[in-house]
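Once you've looked at the hints, dock chain B against the given chain A.
The primary structure of each chain is shown beneath.
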Amino acid sequence: MNLRRDVFQAIADPTRRAILLLLASQSMTAGAIASNFDTARPTVSRHLQILTECELLKQEQNGREIYYHINAKKMKEVSDFIEAFRNMWDERFNKLEAIMKKYKSDK
Amino acid sequence: MMEQKTKIMAEDGKQELTITREFELPLELLFKAYVEPEIVEQWMGTKVLKLENKKHGSYQFETTDPKGNKHGFNGTIHEFVQNNKITRTFEMENTSFAVQLEFLQFEKLTDSTSRLTMHVIYKSVALRDQMLELPFAQGINMAHNRIQDILKQLK
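Keeping their order, the protein sequence lines are chains A and B.
Oh and the first sequence: position 89 is 89 in my numbering, straight run, nothing missing.
Oh and the second sequence: position 81 is 81 in my numbering, straight run, nothing missing.
The shape of chain A in the complex, shown without the other chains (with noise of 0.2 angstroms):
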């Protein structure tokens, strides 16, 4: 149960989800991750731990570099992404409030 909420506060933030999504096609090296984002690199390492630790990612040595890759598996397990939904309808009600707030305004 504990394992199930981690891998959903993994998925909550919006970086890890970036790095999920950025291996979604190919394995990298954390420092090939670490080049698309602005973050510093070891707030990228300490993302790409976290979402090694629950599994979400792999590791594979290949000669001297480290590849990560998205663990297929373990993203199945986590069945219903809850996240992303909530994201979509929240951003969709933001618009509703930020339209209707206008619209108060305006009259």
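Not one of these hints is a red herring.
Here are the simulated SDA-like cross-link-like pairs (lysine to any residue), alpha carbons at most 20 angstroms apart as the crow flies:
no. : chain 1 : residue 1 : chain 2 : residue 2
1   : A       : K74       : B       : Q130
2   : B       : K50       : B       : L104
3   : B       : K7        : A       : A84
4   : B       : K14       : B       : T89
5   : B       : K108      : A       : N94
6   : A       : K101      : B       : V40
7   : A       : K102      : B       : R115
8   : B       : K47       : B       : T95
9   : A       : K101      : B       : E36
10  : B       : K55       : B       : P37
11  : A       : K101      : B       : T113
12  : A       : K95       : B       : V40
13  : B       : K85       : A       : E97
14  : B       : K5        : A       : R92
15  : A       : K104      : B       : Q42
16  : B       : K85       : B       : G57
17  : A       : K58       : A       : Q26
18  : B       : K5        : B       : E107
19  : A       : K102      : B       : Q42
20  : B       : K50       : B       : M92
21  : A       : K95       : B       : T64
22  : A       : K95       : B       : P135
23  : B       : K123      : B       : Q15
24  : A       : K101      : B       : F106
25  : B       : K55       : B       : R88
26  : B       : K70       : B       : V99
27  : A       : K104      : B       : W43
28  : B       : K50       : B       : E38
29  : B       : K50       : B       : P37
30  : B       : K70       : B       : Q42
For the record, the hints were derived by calculation from the structure and aren't laboratory data.
Below, chain B without anything else, positioned relative to chain A:
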């Protein structure tokens, strides 16, 4: 971190879910956003072809995606009580997704705040889970497309 205003309740193994959201809007304004076609168009990002706000009424929306493809949505209104509730069906046309039943409850919290509770019932547990996964899957696809676009530019 910003407070999460929208809450989703989706228990494992159930074919329903509940979406709750508190708005910094008086109840009347929140309800209006669901009733006035030109306002629905703005926040839903869709074209409203028909919206009959009454019992036995129906609605029809049409959305155009970035590629120019048109997607139709429609439903029937079963209950319509001003500033209180809307019960309706929702169907995505030309997809394998079955129609869903939606209970929308609008509540006044204070003079300037209100709450919407949306209780949605799907045809099966599997379908509900599929609908929950949809935004995440689309996110993956979008990222994939972005990567494809970048790769194309490199060529």
